[in-house]
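Novice: Chains A and B, in that order, give the protein sequences. Here our numbering is used: the first residue of the first sequence is 3, the next is one more, and so on. Here our numbering is used: the first residue of the second sequence is 202, the next is one more, and so on.
These aren't lab readings, by the way, just hints derived from the structure by calculation. Each residue gets a CB set at the ideal place from its N, CA and C atoms; glycine is no exception. One thing to keep in mind: the hints can contain errors.
List time: in silico BS3-like cross-link candidates among lysine-lysine, alpha-carbon distance up to 27 Å [unchecked claim]:
{"no.": "1", "chain 1": "A", "residue 1": "K141", "chain 2": "A", "residue 2": "K120"}
{"no.": "2", "chain 1": "B", "residue 1": "K387", "chain 2": "A", "residue 2": "K100"}
{"no.": "3", "chain 1": "A", "residue 1": "K100", "chain 2": "A", "residue 2": "K120"}
{"no.": "4", "chain 1": "B", "residue 1": "K239", "chain 2": "A", "residue 2": "K120"}
{"no.": "5", "chain 1": "A", "residue 1": "K85", "chain 2": "A", "residue 2": "K202"}
{"no.": "6", "chain 1": "A", "residue 1": "K125", "chain 2": "A", "residue 2": "K257"}
Facing chain B, according to a computed beta carbon distance under 8 Å, are these residues of chain A, among others [as the list claims (entries may be wrong)]:
{"no.": "7", "residue": "Y96"}
{"no.": "8", "residue": "L119"}
{"no.": "9", "residue": "L122"}
{"no.": "10", "residue": "F149"}
{"no.": "11", "residue": "L151"}
{"no.": "12", "residue": "M155"}
{"no.": "13", "residue": "L260"}
Here's the letter readout for the chains.
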Amino acid sequence: MATDTAVEPKIRIDSVHKSYFIDGTHQEVLGGIDLVVNAGEFVSIVGPSGCGKSTLLNIIAGLDQPDSGSVELASERPGELLKTAGERLGQTGYMQQKDLLLPWRTVLDNTTLGLELKGLSKKQAQEQALEYTEAFGLKGFEHQYPFALSGGMRQRAAFLRTMLMDQDVVLLDEPFGALDALTRIQMQEWLLQLWESLNKTIVLITHDVDEALLLSDRVYLMSARPGRATLVLDVDLPRPRHYDMVTMPDFSVLKAQLMEPLRAQSQTFKFQPIKSFEQAGS
Amino acid sequence: MSVSRTLSGLLTWLIPFGILVTLVVAWELWVQLSDVPKWQLPAPSAIAKELVSSSSLLWEHTLVTLQEIVFGFLAALIAGLVLAGGIAYSRVLERSVYPIVIASQTVPIIAIAPLLLIWVGYGLTPKIIIVALICFYPIAVNTVDGLKATDPDMVNMLRTLGASRWQIFTKLQIPTALPFMFSGIKIGVSVSVIAAVIGEWVGSSEGLGYLITYSQPLFLTARVFAAIVVLSVMGIGLFVLAVVAERMMMPWHFNEKRSNSMRQL
Chain A
3 MATDTAVEPK IRIDSVHKSY FIDGTHQEVL GGIDLVVNAG EFVSIVGPSG CGKSTLLNII
63 AGLDQPDSGS VELASERPGE LLKTAGERLG QTGYMQQKDL LLPWRTVLDN TTLGLELKGL
123 SKKQAQEQAL EYTEAFGLKG FEHQYPFALS GGMRQRAAFL RTMLMDQDVV LLDEPFGALD
183 ALTRIQMQEW LLQLWESLNK TIVLITHDVD EALLLSDRVY LMSARPGRAT LVLDVDLPRP
243 RHYDMVTMPD FSVLKAQLME PLRAQSQTFK FQPIKSFEQA GS
Chain B
202 MSVSRTLSGL LTWLIPFGIL VTLVVAWELW VQLSDVPKWQ LPAPSAIAKE LVSSSSLLWE
262 HTLVTLQEIV FGFLAALIAG LVLAGGIAYS RVLERSVYPI VIASQTVPII AIAPLLLIWV
322 GYGLTPKIII VALICFYPIA VNTVDGLKAT DPDMVNMLRT LGASRWQIFT KLQIPTALPF
382 MFSGIKIGVS VSVIAAVIGE WVGSSEGLGY LITYSQPLFL TARVFAAIVV LSVMGIGLFV
442 LAVVAERMMM PWHFNEKRSN SMRQL
C-alpha cells in the first residue's frame with residue numbers, strides 16, 4: 003500500500019455539527035467532530051450509544067446534511083472532492099446495522115441489487131456475484147430466501163451486496179452487533195482476511211473495543227452526545243492479524259488506553275446501591 | 202413432520218366441512234319432519250333438484266352476472282392500482298385526489314344505481330360500473346397504504362446503492378405493497394358479487410339477481426335458493442382464485458410465515 007507520493011486523505015471531516023429536533027427540543031448530536039481517514043486505512047469509531055456515530059456515517063454517505071462544518075470525500079477521479087451530500091450519495095459502500103435484505107429476493111438477487119440499479123443485466127450481475135459467493139460463505143444458499151438464513155449469513159449477504167458496488171470507501175455501522183459472540187469472532191477474522199486482500203478504505207462503527215483494536219489502523223473514541231472525537235489511538239500491531247492477538251500484552255496496553263477514558267465517560271451515570279430490600283427485610 | 206402435518210391439514214378442512222354437512226342434514230330433517238310449506242322453506246334436496254332441473258336457465262344467468270363481475274372487477278383493479286401508484290408517487294395527487302377518493306366512499310353507491318339507469322340505460326354497462334365503484338375503494342386504499350409502508354432504512358439502503366426515485370418505487374415500494382394489495386383484492390372480490398346482484402335488482406332483465414327478483418313473487422323459493430347457492434359458489438371460487446394468484450406472486454411471503462410459525466412451535 004506504500005506509495006511514493008504522500009498518503010492522501012480519503013475522507014476529511016472538519017468540525018461537523020448536527021442537531022435534531024427530538025421531542026420538541028433541539029438536541030445536538032454531533033458537536034464539532036474532526037476525522038481523517040487515509041486511503042487504504044481501516045479506521046474504527048468507538049463510543050457510547052447515542053453519541054451520533056450513525057449520524058456521522060449517514061453524513062459521510064450523503065444521506066444527511068451537516069448543519070455546519072465541512073465533509074470531503076475524495077472521488078475515484080484523482081483530485082476531485084465530493085463536498086455536498088448529493089454528490090456523495092451512492093459513492094460509498096454503506097452497510098447498516100440491520101442487514102436490510104429484501105425478503106422477496108433470493109440471496110443471489112439481493113447481492114446483485116446494486117449492480118442491477120447501476121443498469122447491469124440480471125445475468126451479468128449474477129455472474130459477478132457468483133464469483134464471490136464462496137468467499138462470502140454463501141455457496142449453496144444462493145437461491146434461498148433471506149428468512150431461511152442464519153444471522154451471520156444474512157450479514158455476509160448484505161456485505162457482499164455492499165462490496166459488489168466496488169466503492170473505494172466502505173462504511174460499516176456495527177455490522178456484527180446483532181450476532182452472537184462466537185459468530186462475531188468468526189466474522190471479524192473473516193473481515194480481516196477480506197480487507198487485507200481488497201485494498202479498501204474502511205470506517206467501522208462499533209462498541210466492541212476488542213473488535214476495534216483487532217481490525218483497525220486507528221481508533222477514534224467519541225464522547226457522549228454531543229459527539230466529538232476525544233481520543234485518537236494509532237494501533238501499531240503487526241499485520242496480518244489474527245484473533246489470538248487479543249490476549250497479547252501489546253494488545254492489552256492499547257486496550258487499557260482506550261478503556262480508561264471510555265469508562266470515565268460512562269461514569270456520569272452512577273449506580274445507586276439499592277437499600278429498599280434491606281428495609282423491606284427488617 | 203409430514204404425517205402429523207397432513208393430518209392436521211386434513212382436519213382444518215374436515216371440521217368446517219363437517220359443520221356444514223351437519224347443518225344441511227338438520228335443515229333437511231326439519232323440513233321433512235315438520236310441515237313447513239315448500240314455498241316458505243324448501244328442503245336442501247329440493248334445492249339440489251332445482252339446481253339440476255333448471256341448470257341451463259341458471260347457467261345462462263350465471264354467465265351474465267359473471268361477466269358483470271369480471272369486467273367490473275378488472276376495471277376497478279386497473280383504476281385502483283393506477284390511482285394508488287399516482288397517490289403514493291406524487292405529493293400533489295395525494296393532497297388533491299386522495300381526500301376525494303376517501304370522501305367518495307360516504308356516498309351510498311346503491312343510491313347511484315338508479316341514476317346510472319338514467320345515464321347509461323339497462324344492459325351490462327351500469328352493473329359493471331356499480332361493481333367497479335364498489336371494488337375500487339378497498340383495492341385503492343389498501344394499495345396506497347402498502348406503497349407507503351416501506352421501511353425508511355430500506356429506502357436509505359437503496360439510496361446509498363445509487364437508486365433513483367423510480368427505482369425505489371419499483372424495487373421496494375411495489376413489492377412491499379403486494380400483501381396489502383391482495384388484501385384489497387380479496388375484499389374487492391368478496392363484495393363484487395353483492396355489487397352485481399344489487400345492480401341487477403335495480404333494473405335488469407338477466408343475471409342471477411334478476412332471476413331472484415323474478416322468481417320471488419312467483420313463490421319459486423327453491424329457485425331463489427338455487428340462485429343463491431350459485432352466487433355463493435361463484436364468490437368462493439373468485440376468492441380462491443385471488444388466493445392462488447397471491448401465492449403465486451408472493452412465494453416468499455408464505456414460506457416466511459410458515460417458517461416463523463414453525464420456529465414458534
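Novice: It remains to establish, for every hint, whether it holds in the given structure.
Specialist: Hints and how they fare:
| no. | hint | verdict |
| --- | --- | --- |
| 1 | A:K141 <-> A:K120 | holds (24 Å) |
| 2 | B:K387 <-> A:K100 | violated (33 Å) |
| 3 | A:K100 <-> A:K120 | holds (23 Å) |
| 4 | B:K239 <-> A:K120 | violated (72 Å) |
| 5 | A:K85 <-> A:K202 | holds (20 Å) |
| 6 | A:K125 <-> A:K257 | violated (47 Å) |
| 7 | Y96 | holds (4 Å) |
| 8 | L119 | holds (5 Å) |
| 9 | L122 | violated (12 Å) |
| 10 | F149 | holds (4 Å) |
| 11 | L151 | violated (11 Å) |
| 12 | M155 | violated (15 Å) |
| 13 | L260 | violated (29 Å) |
Going down the numbered hints, you'll see the structure goes against 2, 4, 6, 9, 11, 12, 13, while the others check out.
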